[in-house]
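**Q** Single-letter residue listing:
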Amino acid sequence: MEQAFLALLTIVIGVGGCVGYFWLSNIVLDKAIFPVGGPNANRNITRANAVRPWLFLLPAVLALGLYLAYPVFATAWLSLNRNEAGELVFVGFDNYRQMLGEDKFWESLRNNAIWLIVVPAMATAFGLLAAQLTDRIRWGNIAKSMIFMPMAISFVGASVIWKLIYDTREAGQTQIGILNAIWLKFDGGAGSFLLLRVLPALILLAGAAAILWVVWGQVRALSDGGTMAKALRVLGIVVGAWLAYVAVSWGFGAATAQLPYGQPQFWLQIPFWNNFFLMAVLIWLQTGFAMVILSAALRGVPEDTIEAAIIDGANPFQIFFKIKVPQIMGTIVVVWTTITITVLKVFDIVRAMSGGQQETQVLANYMYDKLFVAVDWGVGSASAMVILLLVTPILVWNVYNARKEMR
Amino acid sequence: MENIAGKKPALTWAVHISVGLLVLLWVIPTIGLLVSSFRSGDQIVSSGWWNALFTQEQQMSPIRVEGAEVAKDGVFVVEGRLFGTDGVTVSAWGTSSREPTAYAPGDTASLDDGISVTVQADGAYALTSPVTTEGMRLPRIFTTAATPPEFSTANYNLVLFSPLAGQSIFQAFMNTATVAIPATIIPILIAAFAAYALAWMEFPGRALLIAAIVGLLVVPLQLALIPLLQIHNAIGIGKGYLGIWLAHTGFGLPLAIYLLRNYMVGLPKDIIECAKVDGATDFQIFTKIILPLSFPALASFAIFQFLWTWNDLLVALVFLGTSNDQQVLTGNIVNLMGSRGGDWEILSASAFVSIAVPLIVFFAMQKYLVRGLLAGSVK
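Chains as they are written, first to last, in our numbering: chain A, 1 to 407; chain B, 1001 to 1379.
To be clear, the hints were calculated from the coordinates, so they are not data collected in a lab.
Quick caveat, the model's predicted, so the values are computed rather than measured.
Careful: at least some of the hints might be erroneous.
[Said to hold, decoys possible] Residues from chain B shown here face chain A by an in silico Cβ test under 10 Å; the list is partial:
{"id": "1", "residue": "Asn1175"}
{"id": "2", "residue": "Ala1195"}
{"id": "3", "residue": "Phe1203"}
{"id": "4", "residue": "Pro1204"}
{"id": "5", "residue": "Ile1226"}
{"id": "6", "residue": "Tyr1241"}
{"id": "7", "residue": "Lys1288"}
{"id": "8", "residue": "Asp1325"}
{"id": "9", "residue": "Ala1351"}
{"id": "10", "residue": "Phe1352"}
{"id": "11", "residue": "Tyr1368"}
{"id": "12", "residue": "Leu1369"}
[Unchecked claim] With beta-carbon atoms standing in for the labels, derived distance ranges:
{"id": "13", "chain 1": "B", "residue 1": "Gly1236", "chain 2": "A", "residue 2": "Gly17", "range": "14 to 24 Å"}
{"id": "14", "chain 1": "A", "residue 1": "Gly17", "chain 2": "B", "residue 2": "Leu1025", "range": "24 to 34 Å"}
{"id": "15", "chain 1": "B", "residue 1": "Gly1087", "chain 2": "A", "residue 2": "Val373", "range": "42 to 52 Å"}
{"id": "16", "chain 1": "A", "residue 1": "Gly65", "chain 2": "B", "residue 2": "Asp1042", "range": "51 to 61 Å"}
Virtual Cβ for every residue (Gly too), placed ideally from N, Cα, C.
Model the full assembly from the supplied sequences, consistent with the hints where possible.
**A** The structure is reproduced here in structure tokens:
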């Protein structure tokens, strides 16, 4: 009760304080400092109007400066120091050197890289699929609500939900995790062959084909644009070719793997693949976001371009991939980058489901471990700077776009 | 656009089925936890939740005969029922683990020492013994029975009011509300004034400020943890509610200002100019015209901020203490996952208490949430 009262009091003080500040400062400005009327009325009004924006902005600028801008520099400084018995000792880049020498750091960097490729790609793809399909049916809005719903669920709540799905009991006991229950239905027969070998291999090969198609488009466009654009294209081609290679080799791997049929699996303890079971949680959470935004973008595609395509005899797939998708490319990029930022900060899921054990560490959780478990502020801050470094390209791109719009 | 699908019924069906599968894939995880939260621990362990909705036949755990004996016609009789609930139908039973299905309902099993047991289909049993059963170890009964679906809210009663992870879920719920509500309301006001200045007032440095806010939108809050904790300790706030309210306010401001400014810029210029001509001050224009007109944008941000502060774990771990009157729902559940990881009846009910409020907010105000998302992302 005391607590509820405290909260209520804070709301009253906070809101009252804000309103009081804005109201009083305006009155002081207009009545006391630059009085409207009197000998210098005109000059005073101009001056008051020059000051007023800053009155309106002051609390926000203070809060932003103190809570977001200052910490960036403070963290940068902390990353160059070592905390010895409460005293900061300047050590230059020692913390970074120590961090680069740790296996756990490279493990989290590798895992973060996989997260960064898989989660935005899958969430955007599922979102696009859901947006396109639900727009065409009568109960589409209900379907959208259902797919969008995980948006409201906390990462921790989602972790509990998915832990139940991945639950494992000893062989012979009743499996209560739905994934193991389904897994035990596979016995290595024809159904297993189709669903666990042929289907994944086909999906991966199709993915490789899609990547190669994009790469080919970039290769053909290589001669356009300036040096910067060319460099980016070459980079894109190299990364794309590598991804396609990985997809093909995984496709063959899926087709030829020896699967332990009939054995209940500890999904979150299978090295390397457990990362993907964690990623599924975030994909599940983020798809709704991608779907809502892409659905709005799809509706914004001009009707006449679609009608023209129909008249020219395009089939629904051609209309989707050649008419609609290119027109909403800008939005797809926005969705992709937004999810990318979420992925870089992913912490709760790993913390709650695996704690970063069994090779599932990611940067944000590595940083938390360093800062608050090992209480090593230097290395912790250094890893925070790595996260900032990874976000920076998106930050620059966002600012660049915002400035372009304002002009 | 519908006509494309309409021309080919097969394609329409394919769309319906794909959407159905997709929706199923997306709701099944949540439903699994919801169903589990209404089942007892024994039920959760003995069968998958997907079976819970149907009557199912399964081997039950053995039950030892117990009860007061009654002397009747020279023999001693112990009578009772195997199951606490109605509707359970026994299809086979036995008295040893090697032959758990030796007898049909209504049969009488003869055991050592002249003891005999009869079990009826509804679970009623009668044990007769020529000597008194006082102090004797009575036999166990193994049954195979069909149980109808059975749900109860017992788990919720348990988790809400008993301190399972140091504090009860109800206490954690109150703590979360204490964090989330002020942390939602306070930034709105600060952001609204700033957004108005950035949208409708001319001053040098405006473009630069807007760019800075767009930049701050993506700065990871991880960077802010240690420096802010240092500041809080230095000025004497330490770990506590005041600190977390301030932190959430700071972290929420860039999105708030960005959303609100984008919305306010789109308001018709004429209204504001007319008001100015009529002699209204900026303060009056803001409170009388801009604020009421911006309600949709205010609502969308409020939902974002509320969901974010309610669901947050990291900021609460850093800026709040771990005592019972400060730990929030997410922290409590992470502790439960560590200490009672296998007790799904506790975990599922706790998780659902924490999910319930955001889900209600989500379904009640989905319109504003979507609008806010679109304003923030599509450009």
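**Q** Kindly indicate which numbered hints from before are broken by the structure, ordering the numbers from low to high.
**A** Structure breaks hints 7, 11, 14.
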